[in-house]
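Visitor: Sequence:
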Amino acid sequence: MRVNILQHTPNEGPGSILDWARVNGHQSFVYHPYQFGYLPTADETDLLIILGGPMSPNDDLSWISQERELIQELLDKDVPMFGACYGAQQIAKTLGYKVSEAPAKEVGWAPVYLQSHVIPDLPAELLALHWHQEMFEVPKEATLLFSSDAVKNQGFVMNHRVVGLQFHFEPQDDNIREMVINDFPYIEGSILDQTATDILNMPVPTINKEVMFKILDYITAGKD
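Residue numbers (the UniProt record's numbering): 1 to 224.
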């Protein structure tokens, strides 16, 4: 399987998603469209990963529109897709739904609560990294998957092939350090009231990687 990864800022990489690809014998290709402008084609994509970033799907940038064209092609072809934060927003926007200011800016560690058992064996509550102040409208074609105390629309699952999460399960400890040291000013104004040190001192829960693997297994089930 060819796993095509769209990365949108240097400090928000694929983390444990690369581990999942290696364990399963898949090849990963990481694209940086914000810098180089290149995207994979739909025909060469068996799984699309759309990572987070500081931009908004509402920004008027040609590569953002081109990403949505690719997403639409893959939706039409029933190709598995996972979006984190901005990536989940891009999927919702492609489907015709709004991306708007969230009720609260969430940056730091906070629990998320499972809202559906569509994906088997997910815990009822998990501690996730949040790094956002916009949110997606959950597509009518999808099922609400997670909520947090401050923001209801934290995740969705659709057609056994698409999952979008407003937060992050994919970062490992070294990824968290990279995010915080490079983007610590963004922490200001978060409802979670955590400092950069608070965020860095929280070890990534080991269950997060397990859940990331389960989500990727679920959306790729039956695909070679």
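Please note that the accuracy of each hint is not assured.
To be verified - Derived lysine-lysine pairs resembling PhoX-like cross-links, with alpha carbons at most 20 Å apart: (1) K140 / K152; (2) K152 / K105; (3) K98 / K152.
Claimed, not checked - Restraint-style ranges between C-beta atoms, simulated for each label pair: (4) Y186 / A221: 22 to 28 Å; (5) G25 / D149: 15 to 21 Å; (6) K98 / G189: 18 to 24 Å; (7) N159 / T206: 37 to 43 Å; (8) P203 / R68: 22 to 28 Å; (9) D59 / E210: 15 to 21 Å; (10) P111 / Q35: 20 to 26 Å.
Don't read these hints as lab results, they were simulated from the structure.
Ideal Cβ positions, reconstructed from N, Cα and C, are used throughout, including at glycine.
Visitor: Against each hint, give a clear statement of whether it holds in the structure.
Guide: Consistency of the hints with the structure:
| no. | hint | result |
| --- | --- | --- |
| 1 | K140 / K152 | 15 Å, holds |
| 2 | K152 / K105 | 13 Å, holds |
| 3 | K98 / K152 | 14 Å, holds |
| 4 | Y186 / A221: 22 to 28 Å | 36 Å, violated |
| 5 | G25 / D149: 15 to 21 Å | 39 Å, violated |
| 6 | K98 / G189: 18 to 24 Å | 22 Å, holds |
| 7 | N159 / T206: 37 to 43 Å | 30 Å, violated |
| 8 | P203 / R68: 22 to 28 Å | 36 Å, violated |
| 9 | D59 / E210: 15 to 21 Å | 34 Å, violated |
| 10 | P111 / Q35: 20 to 26 Å | 34 Å, violated |
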